[in-house]
Structure formats: structure tokens, C-alpha cells
Amino acid sequence: MPERGMAKRCKAMIVHPRFVHTLRAAPVSGRRVRFGELPPDALRMLAAELSEELADVLRFEQVSKPCRDAVGNELLWKRMCLNTFSVPEGTRPNSWRELYRFNHEFLHTVLLYATDRLMAARLQGLTPGMVLNMGMAV
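When you line the sequence shown up against this note's numbering, it's residues 25 to 162, in that order.
Everything labelled a hint here was simulated from the structure, so no lab data went into it.
Built from N, CA and C at the ideal position, the CB exists for glycine as well.
Watch out, some of these pointers could steer you wrong.
Each pair of labels, with its calculated beta carbon distance range [claimed, not checked]: (1) 107 with 60: 25 to 31 Å; (2) 110 with 58: 39 to 45 Å; (3) 108 with 65: 20 to 26 Å; (4) 122 with 59: 27 to 33 Å; (5) 73 with 119: 20 to 26 Å; (6) 41 with 92: 24 to 30 Å.
Starting from the given sequences, assemble the full structure and let the hints guide the process.
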């Protein structure tokens, strides 16, 4: 088991065999590590790299129990919340994942509602400005 904090000091990199030619230096030979043998720190780092897209994180979570544990990391969800939504400074939710889920669903619902109202207005021959003047938020 790697020493705690080793991931921060180590410059190791996981590279797919197809991309070994892109490395500056030749890879260190040694025993190949299977995906299931990766330490939790490495899995958390992989999950963090995927954190730009919610769908990627959720797919990664389904790979294995260790991946699910890595995605369950509250720091990952905090980072995703702060990068995606306007979260007030000092916010301390019970669960960053639940806060992300709430914001995602709320935003999705608001956008769907606004899009539906705009489409209905266009079908009725109204312009977006007319819709705003009528008090329908777009």
C-alpha cells in the first residue's frame, strides 16, 4: 500500500500502451498493474480528471466498487459544485453530492420550463421580448 500523500510527491503517470510514444522519457519497466489494483488515491485522481462532465463521473462510478468509493469522495463533489454552480462562499452542506444533484435538477427544470414557454410563445406568434413583457420569464 502506498504511503499516505505519495500521490502528491510522485510524478508517476498511467499511460495507455497506444500513447507510450508521446512520453518524453521511456517508461519504467516493471510489473504491470491491473486497474483493480490501483490505489484509492489514484482512483480519486482519475475521478477528479473526469469531473468536468457529470456523465463521465457517473459512468466511472459504475466500473467497480473502488471506483464507486472514489466518486463518493465529498471533495470531488465540492469541486464540481464550485466549478459548475454559483455556490456562496462559506456554504457547508450536509452532502456536496446532494447539493450538486439539487442544483443540477433545479437548473434543468428551470431551463426546460423556460424553453417550453418560449416555444409556446413562438408558436403563438409572439417575440421573445413580448414574452418578457407579459411576465413569462425566459
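Original post:
Hint by hint, which ones does this structure get wrong, listed from lowest number up?
Top reply: As far as the earlier hints go, not one is violated by this structure.
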